[in-house]
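Trainee: Each chain is listed here by its residues.
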Amino acid sequence: MKLTLNGQAFEADGPLTVQDLLRRIGREGVPCAVEVNQSLVPHRQRAERTLGEGDRIEVVTLVGGG
Amino acid sequence: MTATFTPTIVPAIPPLQVGSFTLRSRLVVGTGKYRDLEQTREAIEASGADAVTVAVRRERLFDAQGRSLLDALPLDRLTVLPNTAGCFSADDAVRVARLGRDLLEQLGNPGSRWVKLEVLGDKATLLPDPQGTLEATRELVKDGFEVLVYSSDDAILARRLRDAGATSVMPAGSPIGSGRGVANPEAIAILLQVLKDPTHGGQPGFPVIVDAGVGTPSDVTIAMELGADGVLLNTGIAHAADPVRMAHAMRLACASGWLGARSGRIPRKLLGSASSPWNGTFVHIPGE
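Line by line, the protein sequences are chains A and B. Mapping of the first sequence onto the working numbering: position 34 corresponds to residue 34, and the numbering continues sequentially without gaps. Mapping of the second sequence onto the working numbering: position 240 corresponds to residue 240, and the numbering continues sequentially without gaps.
Only chain A is shown next, with the shape it has when bound in the complex (with noise of 0.2 Å):
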């Protein structure tokens, strides 16, 4: 299944939760949150939201602003 992470192409092998995603990327129990083709996934439902082919996801985190 190919997936845009954060902008770069990301092979993976579904299915896959958003939960299993950011597992495999070393995200998990990091606070961080999670948009599947800009629409939000609350991080209390990860777990159930499935990906899909060509699903384009964003993981942010809070950053120094002003």
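Calculated from the structure, these hints are not laboratory results. Incorrect hints may appear among the rest.
Have a look at the derived ranges for each label pair, beta carbon to beta carbon [what the hints assert, rightly or not]:
| hint | chain 1 | residue 1 | chain 2 | residue 2 | range |
| --- | --- | --- | --- | --- | --- |
| 1 | A | Q38 | B | V244 | 37 to 47 Å |
| 2 | A | E11 | B | A189 | 55 to 65 Å |
| 3 | B | K123 | A | A9 | 21 to 31 Å |
Glycine is no exception: its CB is placed at the ideal position from the N, C-alpha and C atoms.
Position chain B against the provided structure of chain A, taking the given hints into account.
Mentor: For chain B alone, kept in the frame of chain A given last:
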């Protein structure tokens, strides 16, 4: 031995109520542009701020990981105010606000209830896009956010933002990071009248925070003397040669302006008015 100057106790300055948030400090500071996380933490502490702004950005998934901002900040003592900086449309600002809220919910920080809304017009001026800002305000209010809106110093736009449900309107003193201070004090004064004076349909308790452009402590004081409830700044501290010292100066300037604004300044006069008595002078006075 040199005597140390010990100031008398400063009269208590009441906290600032912004929606459901009670801020002990009327100075709100950003966390961007510092040399490192240690300097960020020290400057925030020196500023006395109990609310700090942060930005939402992509995780660096594909390169080395260092300590993050979240490790450096005392999150148990600070309310984090996530911003939508870098957004140029209402839709993108709403996306970023929701991501920030989800992150702060995970951290258990009360800052998940509010957002600093920025919808910018372009990258060069960093001035707000009034129409996009108003649209995003409506959408975020509908979604349950307490919205603190970065705005221009236009009083009529500010009133529209308040009427759209903004929790606070935050007019720019001058463009973000420009260090030019309150470029148009009269526009800020008019905005404050329109939003706060009951004779103009205003509400005295509606919080107005001057956001952006502040370069020096005197800029902070001028904003507060005009009647602003607070000041939000980042670059003025973070890019000073000594950010920690500058953070102390900004904190004191904020208190100074608040006290000055409520002490009844003297009327301006064209000519002088002697402080020492004429009575009892024993020298020649020209013209007498």
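Trainee: All the hints need checking, so say for each whether the structure fits it.
Mentor: Each hint, compared with the structure:
no., hint, result
1, Q38/A / V244/B: 37 to 47 Å, "holds, 40 Å"
2, E11/A / A189/B: 55 to 65 Å, "holds, 59 Å"
3, K123/B / A9/A: 21 to 31 Å, "holds, 27 Å"
Figure legend: structure checked against the earlier numbered hints; every hint is met.
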